[in-house]
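S.K.: Take a look at the letters that make up each chain.
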Amino acid sequence: MMTDRLATGLAILATMLVIAPLLIIFVYLVFKGARSLNLAFFTQLPKPPGEVGGGMANAIVGSAVLLGLASLIGVPIGIGGGVFLAEFGRGTRLANAIRFTADVLNGVPSIVMGVAVYALIIKPKIPWLPFTGHFSAFSGGVALGIMMIPTVCRTTEEMLLMVPNAVREAALGLGAPNWRSVLSITVRTASPGIITGCMLAFARVAGETAPLLFTALGNDFWSANLDRPIAALPLEIYKYALSPYDDWHRLAWAASLVLIVLIALAVSLVRYVTSRGVLKGAS
Amino acid sequence: MPDIRIAQPKPQPPEPASPEPAAPAGKARPKRASSENSEIRQFLSSRGNSAIADRGFKWLMVLCALSIFGIVILIVTELILRSQLSWHAFGLKFFFSSFVDPDTKQTTYWDPVNGHFSALPFVYGTLVSSFLALLLAVPLAVGVAIFLTEMCPRGMRGPLAFLTELLAAIPSVIYGLWAMYVLVPILREHVNPLLSQALGWTGLFANDNPTGLGFVAAGVILAVMILPIISSLTREVMSAVPNAQREAALALGATRWEMIRMGVLRNARIGIVGGIILGLGRALGETMAVTMVIGNTPEIHRSLLANGTSMSAVIANEYAEAITDLHLSALTEIGLALFILTIIVNALARVLVWAVTRGAPAQVMH
Amino acid sequence: MGVGIEVANLNAWYGSNHTLQEINLNIPANHATALIGPSGCGKSTFVRCLNRMHETNPIARVSGTVRIGELDIYHDASPVEIRRRVGMVFQRPNPFPTMSIYDNVAAGLKLNGYSNRRSLDEIVERSLKDSALWDEVKDDLKKKSGASLSGGQQQRLCIARALAVDPEVLLMDEPASALDPVSTSKIEDLIFELKTQYTIVIVTHNMQQAARVAEKTGFFLNGRMVEFDSTHKIFTNPSDKRTEDYITGRFG
Chain A
1 MMTDRLATGL AILATMLVIA PLLIIFVYLV FKGARSLNLA FFTQLPKPPG
51 EVGGGMANAI VGSAVLLGLA SLIGVPIGIG GGVFLAEFGR GTRLANAIRF
101 TADVLNGVPS IVMGVAVYAL IIKPKIPWLP FTGHFSAFSG GVALGIMMIP
151 TVCRTTEEML LMVPNAVREA ALGLGAPNWR SVLSITVRTA SPGIITGCML
201 AFARVAGETA PLLFTALGND FWSANLDRPI AALPLEIYKY ALSPYDDWHR
251 LAWAASLVLI VLIALAVSLV RYVTSRGVLK GAS
Chain B
1 MPDIRIAQPK PQPPEPASPE PAAPAGKARP KRASSENSEI RQFLSSRGNS
51 AIADRGFKWL MVLCALSIFG IVILIVTELI LRSQLSWHAF GLKFFFSSFV
101 DPDTKQTTYW DPVNGHFSAL PFVYGTLVSS FLALLLAVPL AVGVAIFLTE
151 MCPRGMRGPL AFLTELLAAI PSVIYGLWAM YVLVPILREH VNPLLSQALG
201 WTGLFANDNP TGLGFVAAGV ILAVMILPII SSLTREVMSA VPNAQREAAL
251 ALGATRWEMI RMGVLRNARI GIVGGIILGL GRALGETMAV TMVIGNTPEI
301 HRSLLANGTS MSAVIANEYA EAITDLHLSA LTEIGLALFI LTIIVNALAR
351 VLVWAVTRGA PAQVMH
Chain C
1 MGVGIEVANL NAWYGSNHTL QEINLNIPAN HATALIGPSG CGKSTFVRCL
51 NRMHETNPIA RVSGTVRIGE LDIYHDASPV EIRRRVGMVF QRPNPFPTMS
101 IYDNVAAGLK LNGYSNRRSL DEIVERSLKD SALWDEVKDD LKKKSGASLS
151 GGQQQRLCIA RALAVDPEVL LMDEPASALD PVSTSKIEDL IFELKTQYTI
201 VIVTHNMQQA ARVAEKTGFF LNGRMVEFDS THKIFTNPSD KRTEDYITGR
251 FG
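Chains as they are written, first to last, in this note's numbering: chain A, 1 to 283; chain B, 1 to 366; chain C, 1 to 252.
The reader is advised that the hints may include incorrect statements.
Only pairs whose alpha carbons sit at most 30 Å apart, straight line, appear in this in silico DSSO-like list of lysine-lysine [claimed, not checked]:
| id | chain 1 | residue 1 | chain 2 | residue 2 |
| --- | --- | --- | --- | --- |
| 1 | C | K186 | B | K58 |
| 2 | C | K241 | C | K186 |
| 3 | A | K32 | A | K47 |
| 4 | B | K105 | A | K123 |
| 5 | B | K93 | B | K105 |
| 6 | C | K110 | C | K142 |
Source of the hints: derived by calculation from the structure; they are not laboratory data.
Using the sequences and the accompanying hints, generate a full structural model.
M.R.: This is the structure we're talking about:
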């Protein structure tokens with residue numbers, strides 16, 4: 001009985017120790033970050049070191065550009081991969097190999113992604129190929145997009161597998177071409193879940209810093225140009241956190257709060273859609 | 001045997017095709033004009049065979065799926081190609097050599113200016129910080145998993161599980177920011193002096209680093225970051241253990257803890273190990289939080305309180321401004337080593353977890 | 001308006017399992033033909049060979065000929081083209097869950113590119129009337145989803161959906177087995193009406209049902225067709241002892 005109670009106590013202690021950092025971090029973010037959030041944060045550029053004030057408007061725009069490009073790359077290719085795994089390759093050895101590879105890819109450090117994209121796009125100097133040879137928003141978007149593909153692919157597959165076969169048979173029985181049946185019926189039925197998967201991947205890459213360190217590089221000024229380095233919220237947080245200026249530290253907290261809120265919104269939306277949409281759609 | 005016939009059905013003489021059906025419900029139904037019939041049939045027969053579109057669609061999907069292989073091939077080729085320079089210069093000794101300055105007799109490992117590159121401190125740092133993180137995270141993660149799966153009242157399970165998963169959603173750089181300005185001061189003021197006082201005799205907790213940065217700081221923040229993975233996977237494999245196992249243990253008179261230990265944990269053992277290895281994989285590759293608190297010093301010290309570095313940290317710090325081609329190549333070679341390491345660890349973890357949750361049915365392990 | 005079906009030397013396999021052996025029969029046009037037999041005798045596989053749904057399973061194989069009207073469905077046309085002319089209603093109602101009632105009925109046409117809005121309205125209304133569902137749903141066509149109807153209504157919705165593409169043959173694989181008796185009798189009434197316009201093949205476990213709705217009946221056993229004759233004869237004076245054993249309940 002004694003060990004039983006001890007075990008229970010330890011388990012509860014463990015849980016509290018785990019929840020504690022979460023709460024502490026959250027409290028810090030809210031208090032240190034919210035204090036520094038003002039209109040200037042969202043509308044102004046960073047000021048030179050030493051000057052008080054300024055904002056991260058360029059980083060917010062920059063993150064939007066990078067994530068937009070990443071989604072453009074990651075979502076269609078990822079969904080296509082998931083469609084293959086669930087609708088065409090089910091049970092084949094090729095599909096198993098792809099699934100396993102995707103899972104393993106999800107565990108590759110994001111910095112390695114950055115190194116690979118750097119080597120592929122930034123190192124070579126080919127004059128007639130656009131975007132090569134220099135740091136650019138494009139290369140950052142590509143790095144993030146590549147990171148999205150395995151995640152989107154796997155969640156799409158899982159959602160498609162949940163669509164009952166009866167639905168597919170109904171579509172085929174009507175004489176619908178296979179591609180029509182897959183897209184308009186199967187994918188559409190699973191779409192709430194597929195969207196969920198895309199948002200999870202989106203939330204994950206939204207906070208990534210490492211692959212951007214030597215692709216998008218960061219930018220202190222306004223830029224939405226794909227061909228130039230671009231600012232991003234995580235990059236700014238990193239730079240400002242490491243700086244010796246207190247004012248920049250407070251901007252780092254503010255940026256962290258904004259980033260967390262955006263990610264939390266995406267994750268909560270995911271939970272809401274999952275609890276409502278998928279159950280209805282795939283019944 | 002009596003001649004059994006089924007109850008005589010309603011007499012139904014075989015009908016020649018009769019225009020008016022003898023329908024019990026006498027609803028009048030409008031007959032279709034035959035021209036309308038053929039409109040639909042004509043339309044549909046004009047749609048023809050969709051074989052080309054179907055084949056095209058299928059191959060498009062195949063291409064998308066093959067992109068996964070493409071990504072891996074891309075990473076491997078680029079890493080291998082760009083590390084060739086360093087590989088030819090140092091060979092395998094890259095990972096365990098050191099350089100002694102003839103004048104000062106100092107041992108250095110990483111000297112971009114003079115072209116001396118050894119990956120030893122980074123490998124050391126990655127392994128030490130990751131294993132320290134595992135040491136701290138595993139008991140906590142398994143404890144949380146046990147609590148949530150076996151002990152927690154049903155109503156609290158959802159919110160608590162959600163909270164632990166929320167930990168996984170926080171970006172690494174924000175963990176780093178928090179670690180730098182909250183965790184490190186705590187370590188510096190309170191924890192580290194205590195550690196070096198109480199445990200300094202082991203030689204692992206020297207007194208000579210007043211900054212609060214170092215392996216302990218990195219280990220702690222890494223532990224927080226890998227907790228959700230280990231915990232959620234442990235919960236998953238524990239839930240996969242069929243209730244029959246729990247009931248069998250209880251029926252033998254086990255207390256709750258004994259039931260958990262023998263009925264659940266023993267069965268889920270392989271999966272839990274898989275979860276731990278997955279957590280290790282994540283810790284090995286973690287970059288931002290580590291580089292912000294580990295001190296970024298390419299040296300090797302026995303003390304866990306000393307500053308150090310890691311494979312991902314050095315790449316993050318130096319890649320954008322690498323001085324020479326050799327420098328860049330050495331960094332890329334470190335990246336390649338990190339890649340291979342995490343691939344192996346993750347593949348191993350996946351195989352273990354897969355074996356428990358999907359492949360083999362849950363068996364009593366001995 | 002329906003067409004007859006000629007089946008000659010039909011064999012079907014699932015992998016190495018020889019599910020149908022040397023089936024030969026002629027199904028008359030504009031009549032309802034019932035297929036009866038114990039579980040696993042191959043009658044479902046047989047109807048799935050008639051609209052080439054059998055081959056959607058990757059390990060499925062077929063040999064022999066099936067002629068629907070003039071058309072040799074395995075050699076003269078693609079599966080997609082065949083399935084537009086041979087409709088199917090499945091054992092469990094399977095309306096498209098994310099679509100409204102209207103969209104469900106119109107699905108067969110829309111999936112094939114039909115876009116004439118006004119025509120679609122008429123076709124949907126007519127199909128729902130033909131399947132005796134119109135009065136119950138006419139106010140909620142676009143508001144309610146297909147999945148929100150009761151089981152019997154869902155099955156009639158599936159029938160309407162199949163009818164909307166104006167097939168020549170309608171295959172029904174135990175259409176009422178998952179339904180309650182009231183819905184079942186509604187569907188049987190429906191078959192009565194429909195067989196004047198289509199050729200209907202209905203697989204059923206329920207011998208009384210076969211006797212009620214079909215002019216001809218075929219008895220399947222272990223992958224072979226044992227006897228095929230007028231319903232009256234099958235149930236009152238079968239030629240084969242195995243048929244007699246089945247209908248008198250000695251097995252099955």
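S.K.: For the pair supplied as a hint, B/K93 and B/K105, confirm whether the alpha-carbon distance does not exceed 30 Å.
M.R.: 20 Å, holds
S.K.: Can you confirm whether the C-alpha distance between B/K105 and A/K123 stays at or below 30 Å?
M.R.: 37 Å, violated
S.K.: Under the criterion that the straight-line Cα-Cα distance not exceed 30 Å, is the pair C/K241, C/K186 satisfied?
M.R.: 33 Å, violated
S.K.: Given the proposed pairing of A/K32 with A/K47, does the C-alpha separation stay at or below 30 Å?
M.R.: This hinted pair holds, its Cα atoms lying about 20 Å apart.
S.K.: Given the hint that C/K186 pairs with B/K58, does the C-alpha gap stay at or below 30 Å?
M.R.: 42 Å, violated
S.K.: Check whether the Cα positions of C/K110 and C/K142 lie no farther apart than 30 Å.
M.R.: Judged against 30 Å, a Cα distance of about 15 Å means the pair holds.
Comparing the model with each numbered hint stated earlier shows that hints 1, 2 and 4 do not hold.
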